[in-house]
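Visitor: Sequence:
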Amino acid sequence: MITGNGLTLGKYRQLESVKLSLGKPYYESNGIVIYNGDTLELSSNLPPNIFDALIVDPPYCSGAAGSAVGADPSAKYCHSGNTVGRPTFGGDFRDQRSFKYWCSLWIAQALRACKDAAYGLVFTDWRQLATMIDALQAGGFCYKGLISWDKGGGARAPHKGYFRHQCEFIPWGIKGKVPKLKDRGPFPGSYSIGVKQNDKHHMTGKPTPLMQGLGQCVPVGGLAFDPFCGSGTTLVASVLEGRGAIGFEASEEYCEIAARRVDAAQRGELMKFQRE
1 MITGNGLTLG KYRQLESVKL SLGKPYYESN GIVIYNGDTL ELSSNLPPNI
51 FDALIVDPPY CSGAAGSAVG ADPSAKYCHS GNTVGRPTFG GDFRDQRSFK
101 YWCSLWIAQA LRACKDAAYG LVFTDWRQLA TMIDALQAGG FCYKGLISWD
151 KGGGARAPHK GYFRHQCEFI PWGIKGKVPK LKDRGPFPGS YSIGVKQNDK
201 HHMTGKPTPL MQGLGQCVPV GGLAFDPFCG SGTTLVASVL EGRGAIGFEA
251 SEEYCEIAAR RVDAAQRGEL MKFQRE
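Position one of the sequence shown corresponds to residue 1 (UniProt numbering), numbered consecutively onward.
These are computed hints drawn from the structure, not numbers from a lab. Just so it is clear, CB atoms sit at the ideal spot from N, CA and C, and this is done for glycine as well. One or more hints might be untrue.
[Stated by the list, open to error] Here are the in silico distance ranges between beta carbons for each label pair:
(1) 129 to 220: 30 to 36 Å
(2) 164 to 95: 22 to 28 Å
(3) 29 to 162: 40 to 46 Å
(4) 45 to 242: 40 to 46 Å
(5) 267 to 138: 29 to 35 Å
(6) 115 to 242: 36 to 42 Å
(7) 161 to 13: 55 to 61 Å
(8) 20 to 148: 20 to 26 Å
(9) 137 to 21: 41 to 47 Å
(10) 158 to 220: 29 to 35 Å
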């Protein structure tokens, strides 16, 4: 049975159990829920066995010095530090050892909240790829492979002697055994989707079509979890693909952006980013 918000009755009940555990969300509408807060604190109170997939684009902490806790990510992710109006974000300062430990903590919490045969998909870049594969397994997912995202020929290269840093990566795993699906799949192992500035609401935001593709691992009417939802692209993609989703985000400013994007998606619109 599918409820009025598009979720199965079982998933609707599980969504209600999340609200009982975590309290009133920052935003809720038709199977999409956003909580404003730290993911380690929030995830520790999630009920078990509710999510069909962890789909997350966390801070990469790539190239972080480890001591620059107050460093602004705009210096690393934006040309000449110009954010063109995109808010900055926190948590991008950890060195590699602390990054692996931190990731293993929140991945383990997410695993507990995932049901058996749930997928774990976690974005990373070339610097942190091996570290994130380790953290995915330390958190309890069985590592099954690597998805690549080709950003296109506009990707950065420090100078002409470099191969472009054209791809980012999504190590993926399973809680238990890979399910044998009949209603969808097999899923692409590589995506070639360019970044459109009017679809990029976060400094490190991913294209909506990319997140729609990855979200196919969640059954129709099922529930995805994004513990670092940022500007809400995983949530928007879930709306567009008939899935439910819960997102956590530490920045209230980004919670508001995500909520407005979800509202637009539920009206059948894609909110466009307006450069300053």
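Visitor: All hints, please: hold or fail.
Guide: Going through the hints against the structure:
1. In this structure, residue 129 and residue 220 meet the distance hint of 30 to 36 Å, their C-beta atoms being roughly 31 Å apart.
2. Between residue 164 and residue 95 the beta carbons are some 26 Å apart, a value that agrees with the proposed interval 22 to 28 Å.
3. Separation of residue 29 from residue 162 is about 44 Å and conforms to the stated range, judged on CB atoms against 40 to 46 Å.
4. Between residue 45 and residue 242 the Cβ separation comes to about 28 Å, which falls outside the hinted range of 40 to 46 Å.
5. Our hint of 29 to 35 Å for residue 267 and residue 138 is violated, since their Cβ atoms are close to 41 Å apart.
6. The given range of 36 to 42 Å is broken by residue 115 and residue 242, whose C-beta atoms sit roughly 19 Å from each other.
7. Distance hint check: the CB atoms of residue 161 and residue 13 are about 57 Å apart, consistent with the given range 55 to 61 Å.
8. With their beta carbons about 39 Å apart, residue 20 and residue 148 fall outside the hinted range of 20 to 26 Å.
9. Between residue 137 and residue 21 the CB atoms are about 27 Å apart, so this pair departs from the stated range of 41 to 47 Å.
10. Our hint of 29 to 35 Å for residue 158 and residue 220 is violated, since their Cβ atoms are close to 44 Å apart.
Checked against the numbered hints listed earlier, the structure breaks hints 4, 5, 6, 8, 9 and 10; every other hint is satisfied.
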